[in-house]
Amino acid sequence: MLFLTTVGFEPTHVSISDPESDPLDLSGTSPVLLLIKPTMDTYTGAIKPEIKIDELTSERVKFILTNTDLSMANALRRIMISEVATIAIDIVEFELNTSVLADEFIAHRLGLIPLDSTEAEKIKYSRECSCQGACKECSVELNLHVRCTEEDTTKDVTSRDLVSNDPRFTPIQDGPKDPGILIAKLRKGQEIKVKCIAKKGVAKEHAKWSPCAAVAFEYDPFNKLRHVHYWIEEDEKKEWPASKNAEKDFPPGEDEGKYIFNNKLTLFDFTAKPNRFYFEVETIGSMKPEDIVMNAFKKLLEKISSVQMGLTTNDISITGRDQPREF
Amino acid sequence: MPNMPSTFHTCEREKLFLHPSSKKFGVPELQRLVKPHIESFNSLLEPPTRGILHYAVDDIGVVEIADVPHNSPEKGNILKVWIEEVLIGKPLLPENARGVKTRQIYPSECRERMTTYAGKMMIKFCWQVNDEPPNTDTKSMGFIPIMIKSNRCNLQYFYSKQMIQHHEESEEMGGYFIINGIEKIIRLLLIQRRNYPMALLRPSFANRGTSYTEYGVSIRCARQDQTTMTNTLHYLKDGNCMLRFVWRKQEYIVPVIFFLKSLVEINDKGIYEMLMLGDFENTFMSDRVEHMLQEFKAHDVKSREQSLTLLGEKFRVIIGLPSHYSNKQVGEYVIKKVLLVHLTNFQDKFDLLIFMIRKLYSFVVGNCCPDNPDSPQNQEVLLGGHLYGMIIKEKLADYLNGIKAQILMDLNAKKTVNFKDKKYLSTTFNKSNSDIGKKLAYFLATGNLVSNTGLDLMQTTGYTIIAEKLNFFRYISHFRCVHRGSFFAELKTTTVRKLLPESWGFICPVHTPDGTPCGLLNHLSYSCRVITSQLNVNKIPLLLSEFGISVKPPINGKDKICVQLDGKILGWCSSKHAQSIADRLRILKIEEKIPIDIEIGFIPPSNGGQYPGIYIFSSSGRMMRPVKFLANGKTDMVGSFEQVYMNIACLQEDIVKGTTTHQEFSPTNILSILANLTPFSDYNQSPRNMYQCQMAKQTMGTPATALTHRTDNKLYRLQTGQTPIVRPELHNTLGLDGFPNGTNAIVAVVSYTCYDMEDAMIINKSSHERGFGYGTIYKSEIVNLEKFRKLGDPIQHHFGLGADASPHWREKLDDDGLPFIGIKITYGDPLCAYIDETKGITKVTKYKGLEDAYVDQVRLLGDDLGKIEVQKIHIKLRIPRPSVIGDKFSSRHGQKGILSRLWPQTDMPFTESGMQPDIIINPHAFPSRMTIGMFVESLAGKCGALFGIAQDCTPFKFNEEYTAIDYFGEQLLRAGYNYHGNEPMYSGITGEEFHADIYIGVVFYQRLRHMVSDKWQVRSTGPVHNLTMQPIGGRKKSGGVRFGEMERDSLLAHGMSFCLQDRLMNCSDYSQCHLCRKCGSIFTSLSLKTHHTINSNYTYKKHHIQCDICDTARWITLVKIPYAFRYLATELASMGIKIVLDTET
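As you go down the protein sequences, you meet chains A and B in turn. Under UniProt numbering, read the first sequence as residues 1 to 327, first letter to last. Under UniProt numbering, read the second sequence as residues 1 to 1145, first letter to last.
Please note that a few of the clues may not be correct.
Claimed, not checked - Reference listing, derived: stretches of chain A covered by chain B, where coverage requires no fewer than 3 residues with Cβ under 8 angstroms from a Cβ of chain B:
{"id": "1", "segment": "168–174"}
{"id": "2", "segment": "179–185"}
Claimed, not checked - Residues from chain A that face chain B, not an exhaustive set, calculated with beta carbons under 10 angstroms:
{"id": "3", "residue": "Gly133"}
{"id": "4", "residue": "Ala134"}
{"id": "5", "residue": "Lys136"}
{"id": "6", "residue": "Asp220"}
{"id": "7", "residue": "Glu280"}
Claimed, not checked - Part of the chain A face toward chain B, derived, beta carbon under 10 angstroms:
{"id": "8", "residue": "Ile51"}
{"id": "9", "residue": "Ala73"}
{"id": "10", "residue": "Ala75"}
{"id": "11", "residue": "Val100"}
{"id": "12", "residue": "Val163"}
{"id": "13", "residue": "Asn165"}
{"id": "14", "residue": "Asn223"}
{"id": "15", "residue": "Trp231"}
{"id": "16", "residue": "Pro241"}
{"id": "17", "residue": "Phe250"}
{"id": "18", "residue": "Pro252"}
{"id": "19", "residue": "Glu254"}
{"id": "20", "residue": "Leu311"}
Think of the hints as simulated: they come from the structure by calculation, not from any bench. Computed from a predicted structure; not experimentally measured. Quick reminder that beta carbons are idealized off the backbone N, C-alpha and C, glycines included.
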């Protein structure tokens, strides 16, 4: 599934475990300690990175990424948060607003409404489009026109009142009973009439384009790598409840704290590196969670290949840049 | 475990919002806090027959005017004028107002139209000539400003629903005035307690004369109309006593024996016995009393009659009674108006005067200590309504005196003065200035007291403040603040500012600003009440005699102590008996047989303590607070005087059996509203709580809910306010969810990226983009075309856009000349347009603000009668203020910080669950400041957010047994988090786990109103001062920032001479001038015009500069000097000092 190569695993670990046993079998009481698989050589037939999906719902995906480097895993996290392109309302033209809320405040609220961005790829970035301003190729128009005529109650203006001119990009809705996202409340006689232009963008530019609410990321739940020094008042077990991901990880064995390095007993393997990453991606609704992950991988690949391209083409001299870089 | 309420009351609030009641307020507690203001105003005319103003009118009495000159032997005709009644109406439109549905004026209209909320004041004015039947007339005294929600306000009986209908806040509390659209409050002042003789030790007393000492006894006597007169008894070195009083700002000193003899018929022996009360062994006193009486013999006054006549003779000119009054009558008048005015009976006055002298001698000999005038024990509150009444009284008296002055003027001018001529009388009555309303409006608008009596007060300015609606906390604090008086602000000593134990429970120890007003501007504690009316104490004298006090002065005064009620001596009792009398009275009071607000101050006899006595107080202006009476668990009201001698336990464990009689309802009762709202303030270092009280009042929050009906000059609003997760129960009691003041933020305490050094804080860029701390400012612009028009001229300017208007204007303005609602306005854009009829052209008023703004509302402001074409408009502008780098934020623990960077979300650290902080603050903010409360809030907020509950943060809820840490730690553990609130975090940049676990939780953050947009100052070149040619200062004038001595020193230290010259010379006041090197002067070079001819047909002029003294151009050279130097040389030259400059090449 992935064609990434990981760099930097050194076969330094001498394990006392049984190499025949399944590393993922956590059921037994075997004293298996496999933080890093034995005798891996990334340069000669490396073990490829793997993804194991633990849970997938319409809102979230939980998966474990293994056999890759921390930098890769973090890159994936960062891309999911900030570089997966979605569609969001970017420009709001007010024709009429007699509500109690200020124009800019309503515009801000409109911008934060998630629009269905499953097919965001099929639309251009407006900066890459040849048109002036906005066109069908690079934008979606949504219209909102609500007027309250009820006597005694207020009328809710919700995301359901937004009418999109492109059926692919509509405000998200969780079933027909979903009341939609509240934008404003109107009293009798008040009216809002606006035209919204939604554009494709990434969260690096503005948080409204972020497809995910939060990305949980964890490695080494048992702190075997000693990356963290836990603050303890009395008892670590009492004060630090184990993370949920600990169930899927390898608990420290009996040999914990008896690691031998250069014929000397040390507490732990300080050369070891994390290679098992627990992810949980929660979508805000504009995309399916698995799409976020997949799109993020694509984006990551693009980035890596562009580096690769840059290294293989000869237009960069070794001594320095010949031409000024273009932005 | 303590009881910890945990609900947000969301449904109740929604219900209140949707269905406001028309019979009660949603948050009645808020009304209580403002009550002293309203009730004191109400007491002016309540009860209808005997309001303060009626007593005032009685006290003013009849002014008698004779139609003959002052020194004339004839009696002449006597004109008597007096005021019988004062009536104040509700604010109404005049009857000839056009096109109105109702004549009632409501406050919101005054606010929006920038007018004064005032009702008509009428007086029943009577006059009588000689003994003819009196005439009565009603006279208008102008429109006097009316307090909102008082008994003269149209909102008086309105509740939430009606309030909303009339464009008010649903919980409108009133208590302020509206003057020209601005809300004004009369400040509460702490002044000397009335009707209590206070022993004073003042070094300044000794400066009054050679024989004067620093000892004195002073009493501030209050009449029924709340006006006061202070009498001070001075002790002279020879043992004599002098009484000092102030009449029309002029001080008078009279030997006290004079008054004693004038009050009752008594001989020297009688006085001696009354003063000694049988204690003849006290030779100190007997010596002095004897001496005093001896010395008085010189005046040769034997009887009461003689004494009064002498007194009248001396004061005749000052008092100004007509000539037909005998000296004796004048003497009686003086005593009535000046001496111990709280008592009417002369015998009572005599008794109290005797008591005062005894106290003074006892004080001098050291048997009792001085009373501390800075202690709340000896203070009361001067209420706004009462001060207002005093001013009205004085102005009414001024009106009558004005009539008198007018007639005297006519007499002096030898005009005909005929009291029988009705026409003459009515013109004379009209000549006296009767517009009291205008004077009161001036008083409220400026806070300046214009008075010829001084009203027995120590200041003339600073009586009123604007009720700023910056946020709700600031607003409500205005009503609870008490000031010690601006007189004390100038005092060099700091004793007045000290926090005394006597203020426990009455004045908040936390809520006072730091800096100049520290300790002078205080706030009433939450539970403190101010009594606003005189209580009914008719039963007390009878009760006391039942308890066995003797009404007659004791023959042997040893071990006898005096019982007083509001400065009136009721009797004496033995000191052993006194405690039980006080106790029995207290029980009656708790059982409400007598009013519960009576104060029973029992000072037991002591060796050098306060002068003993039972002092009962029932008057208004006293601070009282509820405590629990332990014997029956009922509420007792305790005053600041009696509290000092009571045994009140704070907590259960403080109770001492047999001693403690009362207990606090809650330890937080001593704190003000704001101090109560600081979460877990008991965990903080105390100055931090003071800072928080300051900052809460500077927060951008929700100033009001009726924002559309407000026209404040400047309003700050936080668009994305939230209810705090961590809040005390008081938050609900006061309905503060109606006025959100900040945001719950995820806060990580970590040193990350260095952008959080020195109290800077990092905000997550994505949080910012999602609206964190987004604020708005509303500003008012008023365009008034009246200013182009002279009074009486026809209207020449009309709002509108003529045909000659430029198309650029039409983008912003409509045909009516008003801006479109919602349009964006930048610097120089037209705000509105009007047509000048005389010139026939369209003119515009331009927007002068530097920031872009949006037009929010436009109001057309008409006049009262609705007869004149609109000449005044109000434009409300909206300026968006998203948080930018340099804006100020703070938590609720005095931890303020500046936004230093909007940090990208991806680079922010994150926890295992993917949580990223909104705010990062540096751990160094804590060790020295010790705001542990913030840590606890963070914990509480975190588990509150996890479980969706509100967390109670009332101080003093936890103790050593039930610690907050355990309470919240257990909750966190149950939610799967670390017990101590720590979490492992990962670097957002590398994804690597931090070596240390990070303290992360939810803290409520406030955005403060100090924003860079209002403060930035930068200039390259610009305006200069025309005398020194140096750049001017001030941001408004686009001036520069001073490059001062210390800055200069640092450049010198670095050896940056080029930079130094650039800053201090080239960029400042660089100038060139001609110097004569021979004589060294810069003033002697003259420019001469010499004509040079090159050839016959071409001449040109050449400026030739030469020294006038040396008469040569040879030594002239051009030098660069700072212009200020030239100025200095000129100034010196003007004094005959010559500056000689030496040059080197």
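For each hint, the structure was consulted:
no. : hint    : result
1   : 168–174 : violated (count 0)
2   : 179–185 : violated (count 0)
3   : Gly133  : 19 angstroms, violated
4   : Ala134  : 21 angstroms, violated
5   : Lys136  : 27 angstroms, violated
6   : Asp220  : 7 angstroms, holds
7   : Glu280  : 7 angstroms, holds
8   : Ile51   : 17 angstroms, violated
9   : Ala73   : 6 angstroms, holds
10  : Ala75   : 8 angstroms, holds
11  : Val100  : 7 angstroms, holds
12  : Val163  : 22 angstroms, violated
13  : Asn165  : 25 angstroms, violated
14  : Asn223  : 8 angstroms, holds
15  : Trp231  : 6 angstroms, holds
16  : Pro241  : 5 angstroms, holds
17  : Phe250  : 17 angstroms, violated
18  : Pro252  : 16 angstroms, violated
19  : Glu254  : 25 angstroms, violated
20  : Leu311  : 22 angstroms, violated
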